[in-house]
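Participant: Here are the chains, one letter per residue:
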Amino acid sequence: MKIKTKIFGEVEVSEKQRIYFESGILGFEDLHSFFLIDIPDSNGPFYWLQSEESIDIGFVVITPETIMPDYKLEVEKSDLEKIDIKSESDILLFSIVTLYEDPSKNTVNLLGPIIINKRNLKAIQAISLNENYSVRHPLIKRGEQ
Amino acid sequence: MLILSRKENQSIMIGDNIEITIVSIKGDHVKIGINAPTDVKVFRKEIFEEIQNANKEAVNVDPNTIKDIGSLLKKKE
Numbered sequence: 007m008k009i010k011t012k013i014f015g016e017v018e019v020s021e022k023q024r025i026y027f028e029s030g031i032l033g034f035e036d037l038h039s040f041f042l043i044d045i046p047d048s049n050g051p052f053y054w055l056q057s058e059e060s061i062d063i064g065f066v067v068i069t070p071e072t073i074m075p076d077y078k079l080e081v082e083k084s085d086l087e088k089i090d091i092k093s094e095s096d097i098l099l100f101s102i103v104t105l106y107e108d109p110s111k112n113t114v115n116l117l118g119p120i121i122i123n124k125r126n127l128k129a130i131q132a133i134s135l136n137e138n139y140s141v142r143h144p145l146i147k148r149g150e151q
Numbered sequence: 471m472l473i474l475s476r477k478e479n480q481s482i483m484i485g486d487n488i489e490i491t492i493v494s495i496k497g498d499h500v501k502i503g504i505n506a507p508t509d510v511k512v513f514r515k516e517i518f519e520e521i522q523n524a525n526k527e528a529v530n531v532d533p534n535t536i537k538d539i540g541s542l543l544k545k546k547e
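Heads up: the protein sequence lines correspond to chains A and B, in order.
Yeah, the first sequence ends on 151 if you go by the working numbering, and it's all consecutive.
Yeah, the second sequence ends on 547 if you go by the working numbering, and it's all consecutive.
Hints may contain errors.
Stated by the list, open to error - Listed below are the simulated DSBU-like cross-link pairs for lysine-lysine, each with C-alpha atoms no more than 35 Å apart in a straight line:
1. A/Lys124 x B/Lys526
2. B/Lys511 x A/Lys111
3. B/Lys511 x B/Lys501
4. B/Lys511 x A/Lys12
5. B/Lys526 x A/Lys8
6. B/Lys515 x A/Lys83
7. A/Lys88 x A/Lys22
8. B/Lys515 x A/Lys88
What the hints assert, rightly or not - Here's a subset of chain B near chain A, in silico, CB distances under 10 Å, partners left out:
9. Glu489
10. Lys511
11. Ala524
12. Lys526
I should point out that these hints are in silico values taken from the structure, not numbers from a laboratory.
Ideal Cβ positions, reconstructed from N, Cα and C, are used throughout, including at glycine.
Please model the entire structure based on the sequences and the hints provided.
Facilitator: Okay, here's the thing in structure tokens:
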């Protein structure tokens, strides 16, 4: 099927890409259904999370390990239970990226990870218990500063 | 908003199983202890707001910025 996206026009997607956020995403609690899609021609680690309910809402996401290879998911057990995570292998982990006109200002949110359960496609934006992780971590691969 | 006066080491119960204790007061710094069931999330309010604000900023992405996204994390040549 085809969906409309904020940035990439109409995109062909499958049901397997539909992610359900029961509690929404912080600041967007009313939006529940998102599609996780490849960013055309990005050849990279970035994906686009497009709201199905509101075409204007979409996020660039990246796996946090791309930015911080030793990133550890430390969240409340209840957050994992909400999306029925039974084992670590169920987890698909993303962080929301904020892009600016000046790329040196780009940031990635390591404190509020998006956790997706691969088995049932339920998702949650959790808050890391490790407050050393920043909401605005520089979007730079380690060692390239 | 309900406002209660408490001294050091005094507590407030919220329902049957959430206990909030004033652990210490030093100048303008108050240490608060919280006993709550594991399914009750306790975070400093600023953290919630920070993440909400970051999310709202993230959706304002300029389509032109995304066009170059493929080159963002490439090593400089």
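Participant: Evaluate each hint against the coordinates.
Facilitator: Quick rundown of the hints versus the structure:
Restraint check for lysine 124 of chain A and lysine 526 of chain B: satisfied, since their Cα atoms lie roughly 26 Å apart, inside the 35 Å limit. For a cut-off of 35 Å, the pair hint linking lysine 511 of chain B to lysine 111 of chain A stands: about 31 Å separates their Cα positions. Taking the CA atoms of lysine 511 of chain B and lysine 501 of chain B, the gap is near 18 Å; set against the 35 Å cutoff, the hint holds. Only pairs whose Cα atoms come within 35 Å are accepted, and lysine 511 of chain B paired with lysine 12 of chain A is accepted, the gap being roughly 33 Å.
Simply put, lysine 526 of chain B and lysine 8 of chain A have alpha-carbon atoms about 26 Å apart, close enough for the 35 Å limit, and the pair holds. Only pairs whose Cα atoms come within 35 Å are accepted, and lysine 515 of chain B paired with lysine 83 of chain A is accepted, the gap being roughly 20 Å. Between the alpha carbons of lysine 88 of chain A and lysine 22 of chain A the distance comes to roughly 20 Å, so the proposed pair stays at or under 35 Å and holds. A hinted pair counts as satisfied when its Cα atoms are at most 35 Å apart, and lysine 515 of chain B with lysine 88 of chain A qualifies at roughly 22 Å.
Evaluation of the glutamate 489 of chain B hint against chain A yields a violated restraint, the C-beta minimum of about 18 Å exceeding 10 Å. The interface hint given for lysine 511 of chain B is met, as the beta carbon of that residue sits about 6 Å from the closest beta carbon of chain A, less than 10 Å. Among the interface hints, the one on alanine 524 of chain B holds; its C-beta lies about 5 Å from the nearest C-beta in chain A, closer than the 10 Å criterion. For lysine 526 of chain B, the shortest C-beta to C-beta distance to chain A is roughly 5 Å, which falls under 10 Å, so the interface hint holds.
Going through the hint list in order, the structure does not satisfy hint 9, though it satisfies all others.
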